[in-house]
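Residue numbers (this note's numbering), protein chains in the order written: chain A, 1 to 332; chain B, 1001 to 1094; chain C, 2001 to 2249.
Think of the hints as simulated: they come from the structure by calculation, not from any bench. Just so it is clear, the structure is predicted and the values come from calculations on it, not from any experiment. All C-beta atoms in this analysis are idealised placements derived from N, C-alpha and C, irrespective of residue type, glycine included.
Quick list of in silico lysine to any residue cross-link-like pairs, SDA-like style, CA-CA up to 20 Å: (1) K1021(B) / A167(A); (2) K268(A) / D282(A); (3) K324(A) / L2204(C).
The following label-pair restraints were derived from C-beta to C-beta distances: (4) A323(A) / K2129(C): 28 to 36 Å; (5) P2245(C) / V250(A): 30 to 38 Å; (6) D2074(C) / E186(A): 28 to 36 Å; (7) E2179(C) / P253(A): 53 to 61 Å; (8) K1021(B) / K2129(C): 21 to 29 Å.
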Amino acid sequence: MYTTELSDKNKKPSAAAMANEDPVRLAAFEARVAADNFIEPKDWMPEAYRKTLIRQISQHAHSEIVGMLPEGNWITRAPSLRRKAVLLAKVQDEGGHGLYLYAAAETLGTSRDEMIEALHSGRAKYSTIFNYPTLTWADIGAIGWLVDGAAIMNQVPLQRTSYGPYARAMVRICKEESFHQRQGYEITMTLAAGSPEQKRMAQDALDRWWWPSLMMFGPPDDNSPNSAQSIRWRIKRETNDQLRQRFVDVTVPQAEAIGLRVPDPALKWNEARESYDFGEIDWEEFYAVVRGEGPVAKERMNARVKAWADGAWVREAALAHAAKRNGRLAAE
Amino acid sequence: MNKEWPLWEVFVRARNGLAHKHAGSVHAADARMAIEAARDTYTRRMEGVSLWLVPSASIVASDPGEAGSLFEPAADKVYRHPTFYSIPENIKNI
Amino acid sequence: MKPLVEYALRLGDDGLVLGQQLSEWCGHSPMLEIDLALANIGLDLIGQSSHFLKLAGDTEGEGRDADVLAFHRDVLDFRNALLVEQPNGDFAQTIARQFLFSNWQELLMRELMRSHDATLSAIAGKAVKEVVYHARFANEWMVRLGDGTEESRNRIIAGLEWMWRFVDELFAVDATVEELIVRGVAVDPRLLRAEWDARIAQALAEATLEAPKPRRAASGGRSGHHSEHLGHLLTEMQFLPRAYPGVAW
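Please build the complete structure, drawing on both the sequences and the hints.
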């Protein structure tokens, strides 16, 4: 699904860290990246680049994994066999995406266990969007349509990100995600054309998911401390505000086409810019959710920690069995 | 004992006639589990007809620092390429 | 009810109920790779179920499609075996249930390919490949858990102990099935028992486990007398179509 780079608001990229780097290698590295060449795992890279990537890729992976929960909440209640299969396949895809991304981060010298530990201890962030609850079936439509729509907007440029394993994971993810947004819109469209109760559900879901979806693109450009560096290093390819604007511009007509109202009184087509003007985002809420104060943040993390703790004996058993088997093979 | 399942590299043959190509990685405690995890992860959309799994620790890789001495000497051996040789237009089948 | 309708419902309900339960693991399993594996098995079972339920509806000829059958029948009309409605429990319970079921289902689908009913035979032909994989997956996990740590061994023994009482029902034959067997439509499950026993024994030996002692079998699923679990499962699964009847989703 997706992440934006979520670091603490006040943390500035450290110039001191860069000062320790070998200037000749650093210049060569910067030149390669500026020429849109890929960096591969064993290539020399500045420590700050490695750290930024580990943070961003692992946040992205965590977002996929935590993102399985709000939608997973509805797999057992999907209203038809087709919807059930589609949703299960979609949530499974999110798991697969998390897996590809953890693997990409592992090429940078961290382990999946370390990343999971960082998530569970609260040190690692994940996309704020998944700390909102899925209250009705229409939320499954809204997540596919809006959240995956925003994710795709973010992820498409990342297919050309400078770090090879990340870019390759993103290519695979983008290919697989293409059905996610369509199935979400299809659910929303069906509800919007349905009974008054269904239509109400659809509108209510749009009302609740619209603003959090816009927040998915991260803080505004003038308050996004690592953005410039990340863009120079081709870890990001476009700014938060550029992507957010594009999302608004494509999504508003999609809502109108099925008779739903975007919950923003300030929303207005701007003829001169050929874009929509839209209202102020509640950044207070955004930073609160980043801090872990989202409506169901605790529940999400408890669910992940419980799954991991409950599964410990299974992981141990498989290793113990492999060791026994290898021992027997060696003895033969 | 390290409690993390080992990492395996996954290579997928898209169809017969093509070589196996690196697709990604999985964690698995043993070889059969690795095959199954790769199947469940990397062939959900009919991406493959055959899998190779290699423990990541067993991969021997060249050092990028030596890329110059390993690969650049090939650059001036243009005579290894057919386009190095000029043959008159009227000579066919060569 | 026509015997073929009854038979197709049994096959369809097995897949639906087990698929529903496996889907609960998605996002909560011991390892990401296992999330993906169990989701794949669940998807296979839900897919098979859709085909069997469609056959049941078509054969019945009263306009009930697979969704109506899945979402608008109550407990007494469900025809799945008791084994598949046993709760997921811990991972060992889930594996024990899958182990007993998938080995049976593989043998069943292999024979069902020869059914004189073309639709049953076609569904089985597609399903058998899926189920071979399910059995392989479950058998390997039986071995890992049985011959893993002391804890995993205790847990899988407990799982097997519980699930074992529901095995005989899979091989039972009543008048409905008897009639279809005679017509060459249904598989005679009694003929599968010896091979199933041998396969189970082999996997258990590899897992350094013993088969649980014979016990009084539990049955009733095929005639709609289920455990208490099924009602809760259906309550959750059927909630939306029942709360908002007659609309499209």
